[in-house]
Amino acid sequence: MIWALAYLPVLAGLAIWASGGSRIRLGASGAVTAMVVLGLAVGLGGATGRHGWSEAFTLHAALPPLAQAVAVTVPAILLAVTLFAAAHEAARGLPRLIGLMLIFTGGMELVVIAADLVTLLIGWEIVGACSWALIGHKWRERAAGPSAAFAFVLTRAGDLGLFLALMATVAATGRAGYDALGALDGWSLTLAAFGLLVAAVSKAGQVPFAPWLFRAMDGPTSVSALLHSATMVAAGAYILARLHPQLSAAPGFGIAAMGIGLATAILGGVVALRQTHAKKLLAGSTSAQTGLMIAAVGAGYPAVAVLHLIVHAATKSALFLAAGIAHRATGSFDLRMKGIGRSLPATAAMAAVAALSLAAVPPFAGGWSKEAIVRALEHASVFWAAAGIAAGGLGAAYATRFAVSLFGKCFARETGEARGELAGLAVLVAGTLGLSALWLPWMHDRAAEWLGGDLPAGTRAGFIVALAATAFGVLAGLRAARAGWPAPQRDWLGLSALYEHGAIRPFRRCAEAAARFDDGVVDMIPRGTARIAASLARFASQVDDHAIDGLAPGGASRRMQGAIGGIAAGMAALSGLGAGLGERLSDLIPSGTGRVTGMAGADLRRLQTGLAHHYYTILVAGLALALTLVIIGG
Amino acid sequence: MLTFAVLVPLFAALLLAFVPVGHAAARAIATGAAALALLALVVTWIGGGEGFRAVAEVPWIPELGIAWRVGVDGMSLALALMSALLFAVTTAWPMEDLPDARAYYAWMAFLAGVSIGLFVTLDLIVFYVFFDLGLVGMYFLIGRWGHGEAQHAALKFFVYTLAGSLLILIGIIALALNMPELTFDMRAMIGSPPLAAAGMVPGLVFLAFVVGFGIKTPVFPVHTWLPPAHVNAPGPASALLAGVLLKMGAYGLIRIPLQMMPETFARWALPLAILGVVSILWGSVVAFAQDNLKRRIAYTSVNHMGYTVLGIAVAGSALGSETARELALTGAVVEMIAHGLITGALFLIAGAVWQRTQDYHLPNFGGLAGPAPRLAGVATLAAFASLGLPGLAGFVAELHIFVGAFGVYPWLAAIGLLGIVITAALFLGMLRQMFFGVTPPERAGFADLTGLELGLLAVLLALVVLIGLWPAWLLGLVDAGGILPLAGAEG
Numbered sequence: 001m002i003w004a005l006a007y008l009p010v011l012a013g014l015a016i017w018a019s020g021g022s023r024i025r026l027g028a029s030g031a032v033t034a035m036v037v038l039g040l041a042v043g044l045g046g047a048t049g050r051h052g053w054s055e056a057f058t059l060h061a062a063l064p065p066l067a068q069a070v071a072v073t074v075p076a077i078l079l080a081v082t083l084f085a086a087a088h089e090a091a092r093g094l095p096r097l098i099g100l101m102l103i104f105t106g107g108m109e110l111v112v113i114a115a116d117l118v119t120l121l122i123g124w125e126i127v128g129a130c131s132w133a134l135i136g137h138k139w140r141e142r143a144a145g146p147s148a149a150f151a152f153v154l155t156r157a158g159d160l161g162l163f164l165a166l167m168a169t170v171a172a173t174g175r176a177g178y179d180a181l182g183a184l185d186g187w188s189l190t191l192a193a194f195g196l197l198v199a200a201v202s203k204a205g206q207v208p209f210a211p212w213l214f215r216a217m218d219g220p221t222s223v224s225a226l227l228h229s230a231t232m233v234a235a236g237a238y239i240l241a242r243l244h245p246q247l248s249a250a251p252g253f254g255i256a257a258m259g260i261g262l263a264t265a266i267l268g269g270v271v272a273l274r275q276t277h278a279k280k281l282l283a284g285s286t287s288a289q290t291g292l293m294i295a296a297v298g299a300g301y302p303a304v305a306v307l308h309l310i311v312h313a314a315t316k317s318a319l320f321l322a323a324g325i326a327h328r329a330t331g332s333f334d335l336r337m338k339g340i341g342r343s344l345p346a347t348a349a350m351a352a353v354a355a356l357s358l359a360a361v362p363p364f365a366g367g368w369s370k371e372a373i374v375r376a377l378e379h380a381s382v383f384w385a386a387a388g389i390a391a392g393g394l395g396a397a398y399a400t401r402f403a404v405s406l407f408g409k410c411f412a413r414e415t416g417e418a419r420g421e422l423a424g425l426a427v428l429v430a431g432t433l434g435l436s437a438l439w440l441p442w443m444h445d446r447a448a449e450w451l452g453g454d455l456p457a458g459t460r461a462g463f464i465v466a467l468a469a470t471a472f473g474v475l476a477g478l479r480a481a482r483a484g485w486p487a488p489q490r491d492w493l494g495l496s497a498l499y500e501h502g503a504i505r506p507f508r509r510c511a512e513a514a515a516r517f518d519d520g521v522v523d524m525i526p527r528g529t530a531r532i533a534a535s536l537a538r539f540a541s542q543v544d545d546h547a548i549d550g551l552a553p554g555g556a557s558r559r560m561q562g563a564i565g566g567i568a569a570g571m572a573a574l575s576g577l578g579a580g581l582g583e584r585l586s587d588l589i590p591s592g593t594g595r596v597t598g599m600a601g602a603d604l605r606r607l608q609t610g611l612a613h614h615y616y617t618i619l620v621a622g623l624a625l626a627l628t629l630v631i632i633g634g
Numbered sequence: 001m002l003t004f005a006v007l008v009p010l011f012a013a014l015l016l017a018f019v020p021v022g023h024a025a026a027r028a029i030a031t032g033a034a035a036l037a038l039l040a041l042v043v044t045w046i047g048g049g050e051g052f053r054a055v056a057e058v059p060w061i062p063e064l065g066i067a068w069r070v071g072v073d074g075m076s077l078a079l080a081l082m083s084a085l086l087f088a089v090t091t092a093w094p095m096e097d098l099p100d101a102r103a104y105y106a107w108m109a110f111l112a113g114v115s116i117g118l119f120v121t122l123d124l125i126v127f128y129v130f131f132d133l134g135l136v137g138m139y140f141l142i143g144r145w146g147h148g149e150a151q152h153a154a155l156k157f158f159v160y161t162l163a164g165s166l167l168i169l170i171g172i173i174a175l176a177l178n179m180p181e182l183t184f185d186m187r188a189m190i191g192s193p194p195l196a197a198a199g200m201v202p203g204l205v206f207l208a209f210v211v212g213f214g215i216k217t218p219v220f221p222v223h224t225w226l227p228p229a230h231v232n233a234p235g236p237a238s239a240l241l242a243g244v245l246l247k248m249g250a251y252g253l254i255r256i257p258l259q260m261m262p263e264t265f266a267r268w269a270l271p272l273a274i275l276g277v278v279s280i281l282w283g284s285v286v287a288f289a290q291d292n293l294k295r296r297i298a299y300t301s302v303n304h305m306g307y308t309v310l311g312i313a314v315a316g317s318a319l320g321s322e323t324a325r326e327l328a329l330t331g332a333v334v335e336m337i338a339h340g341l342i343t344g345a346l347f348l349i350a351g352a353v354w355q356r357t358q359d360y361h362l363p364n365f366g367g368l369a370g371p372a373p374r375l376a377g378v379a380t381l382a383a384f385a386s387l388g389l390p391g392l393a394g395f396v397a398e399l400h401i402f403v404g405a406f407g408v409y410p411w412l413a414a415i416g417l418l419g420i421v422i423t424a425a426l427f428l429g430m431l432r433q434m435f436f437g438v439t440p441p442e443r444a445g446f447a448d449l450t451g452l453e454l455g456l457l458a459v460l461l462a463l464v465v466l467i468g469l470w471p472a473w474l475l476g477l478v479d480a481g482g483i484l485p486l487a488g489a490e491g
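Chains as they are written, first to last, in my numbering: chain A, 1 to 634; chain B, 1 to 491.
Everything labelled a hint here was simulated from the structure, so no lab data went into it.
Don't take every hint at face value.
[Claimed, not checked] A few chain B residues facing chain A, derived, Cβ under 7 angstroms:
# : residue
1 : PHE11
2 : PRO390
3 : ALA425
4 : ARG432
5 : VAL465
[What the hints assert, rightly or not] Short derived list, chain A residues pointing at chain B, Cβ under 7 angstroms:
# : residue
6 : GLU449
7 : GLY520
8 : VAL522
[To be verified] Here chain A is said to cover these stretches of chain B; the calculated rule only asks that three of the stretch's residues, wherever they fall, bring their Cβ under 8 angstroms from a Cβ of chain A:
#  : stretch
9  : 41-51
10 : 154-167
11 : 393-405
In this text the structure is predicted, and so the values were computed from the model without any measurement.
Positions of the beta carbon are idealized from the N, C-alpha and C atoms, including for glycine.
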């Protein structure tokens, strides 16, 4: 039954893709599927499942509270995004889009329910493949294909870490379950923990893998809303939280996670603050916020990370939907041309709530979860807490800048909001507001207890400094929104260009050189061999004509010629295979190679007529050679 | 029953060679023969059993210990089933404007009989004869019905692999001579491996087998016959070359050096594993640089067979735990089946593209997802299967190989993993160039796959999905534990 969480959306997605239909039908069927999955996720708490996949690997699924919290979040976000997509996206390809989003969610649910590394790997890569199809959804456009491939290849490079973790776990324990991960020690534990960390940070768009999130912006807005909130990116943070008990035993794991997470939180914040493209601003922000979650895991508070994940999912997808509505109204994602709050009052109001939550302003949900992360970091050290507070300040600045630029100033435009779009947005904003109840002690204590983790206690000074940083960030954001900065020269502080010039192009050049080497040099083995064989065969046939023919004229000579040619060719093949490469290198390819190959082939083909007696002659020749070998060797 | 599976296609070939029938009838006869062979093999499969089953023996040259011996274990039965299915699909594949269609289908049927025969025989001489007759069949299919420099490519293929098979013959004879009693019975040699002592002779015999089978598999650096043969071959022949003929090399590597010379194999396992990893990386890097659709797919065969060779080398290493070696061998055999189905489908797709455009140059394509959504769909599925996406067959194989290899040669497994990133890049690049972006004007009238083409590809890809979701049935059939030599006990 627990597997239904994964396969139900996949099957429904395929059915919707195949059957198509009107916008209303697509939206309704997608929303119904999302609600069924949501109901299953709520009802299946604590369930487990197994599937005898192969002799060596049994797939395991489980739904402990931490997983269940995410398993519920995923279809909830999907519900809102499907409603939005059915109303917002282009009609051409809409069934494919909705269908793929459902399949994508199914893959994510498989990651969530996984209780062993093979199941995790399967879900993990299905999510990656779906992201390829979704980012490349608008395949007619020039940018879609390369961006989709870039995103998939970069995240798959990170997946190698998961492969390594799996291999190390099975090699050490013979099993792949999460419990086996806990039984590791020594280098296999280190390899597994850091392998998983690499896989997680690549999916989560952390430094240095962050640029794929920017390229993912070439997909439709609905895809961004889903990919950045509850799926794909969230998978990275989720898996670290889920496996924290097993991984935290590895030396250096916590520091590495906090280092990567907070570096991304600050750099991503800077990237977001400088962006003038609405979706790219949000993409930088996603990296930064996910970095905070990973830092919280590193500090030893996975429950806090998951709570921030849930809050961020609702907030961030709401902001993407708002950006999409603004894009439809103005035809561009450029923040400097906007200011359309008056034309889209409902959107503007809801975006404001989500932006305040992202800015971590109390009493909104994001404020609570970010404060909890700062408190968690305080437990690690003051240094980490300071970095977390700085990242929070940056978050307040870019969130403010986003909302004010987009909806602040008043350019009246003839536009409107579709009901489906608003419905999706409303679901998410209602979620954000509901989650704001986390500020209540009763609520967050209960939530942490259920998730099975402690809440960190913080100092009053830390709280005040963090609030001050947020306030300062909001003011800075207001200023930035009015300043009208130019668009940054380089994507992701030049990281994208580094990939292009430091990895992709050099690799392509290497591959082309390898291909030339393959055609020119490796291929000399057969050509050289053929040439030696041919000259030997020619020599043999001369001997045959002049010497043997003279001794035994008559019918037998033809067969003898064949036999000697066969022996010669066989021996030449043996010697030539070794000598061919060197011989060719010193004696560059003569133009007659092709002709000579042909002659050798003709000789050999004559042997290969399929007639039995020719086989016997070859057999005899081989026997002679084998006997020689035995004599020499013995 | 197995003899029946071999003789039916050969009889059909004979029939087609001498009885003048039309194109449609010839196709029906050849397809029917392959389907009957498949049916016979399925019946054998249902019969079940352990070890070598459905064994039959008819003496041929008793003085030399040569006989018509047939029988299958799980591995050879799985390979024979896959081959028969691939033959049924490729002969049914619609070929328009086929000159001398009757001869084409005769050679296809001949090749089917020979290939199935190779996998079901238990006599080394018969094995060798079928190994060479396979070359003859493929030589004519490429040379007569290919395009471009078909003659030259066919000749290169033929001579190169024939050179390899001569080495195999020498090795086979050396093995037989070292048996207590002269025989070419595979079971006898597996039961009491000859040439067990250390020394130069077993090493040389092993080398002869590795080079001979390595050419056929193909392994770096003796793979250069493969790309021209594929590029110039007609689509179905390419599918068979990649799907069935390459497997003969890998199958031979398991059946003869691994099972009959386990101790020598264990001594040389590390170099062979390195060769496998080099093939994985070299095949994928060179494939990445190809602009020609078929050359690109052809080089991915070098990559995929590299996974297989790595798995085989690990299985015979006599190092690590038996579980790890069994995993690697399971993976190697599943890789052979998966590669046959997936690459068979990819080459049929390439054939469909050629029939419509007479072009393989990838930059000349683009935006075909618009006019040809069915083609785009099956090509995407096949490409993702080939790059090892979970839920599809290739992943099952690669997972088992890598997990097994890590237990024996961790560094090699880690380096080999890079191959899966490069294959992802090259297949996504191929899909983008074919199907994304703007359709060039000269491709405006591109016709989508017909219902028959789609149906045939769907048969192959459905199996790929089935193996990916629920591989247990295939792994149970293959039963790698039964193939694994017991050399580990002796160290």
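Cross-check of the supplied hints:
1. The interface hint given for B/PHE11 is broken, as the beta carbon of that residue sits about 16 angstroms from the closest beta carbon of chain A, more than 7 angstroms.
2. Interface hint status for B/PRO390: upheld, as the beta-carbon distance to the closest one in chain A is roughly 4 angstroms, under 7 angstroms.
3. A least Cβ separation of about 5 angstroms between B/ALA425 and chain A falls short of the 7 angstroms threshold, and the interface hint therefore holds.
4. Nearest Cβ of chain A to the Cβ of B/ARG432: about 4 angstroms, under the 7 angstroms cut. The hint holds.
5. Proximity of B/VAL465 to chain A is violated relative to the hint, the smallest CB-CB distance being about 12 angstroms (cut-off 7 angstroms).
6. Checking A/GLU449 against chain B by beta carbon gives a least distance of about 35 angstroms; that is not within 7 angstroms, so the hint is violated.
7. Checking A/GLY520 against chain B by beta carbon gives a least distance of about 10 angstroms; that is not within 7 angstroms, so the hint is violated.
8. At a threshold of 7 angstroms, the smallest CB-CB gap from A/VAL522 to chain B is about 5 angstroms, leaving the interface hint in force.
9. Counting residues of the stretch 41-51 of chain B whose C-beta sits closer than 8 angstroms to any C-beta of chain A gives 0, which falls short of three, so the coverage hint is violated.
10. Counting residues of the stretch 154-167 of chain B whose beta carbon lies closer than 8 angstroms to any beta carbon of chain A gives 9, which reaches the threshold of three, so the coverage claim holds.
11. With a cut-off of 8 angstroms between beta carbons, the stretch 393-405 of chain B has 6 residues touching chain A; three or more are needed, and the interface restraint holds.
Hint compliance for this structure: hints 1, 5, 6, 7, 9 are not met, and every other hint is.
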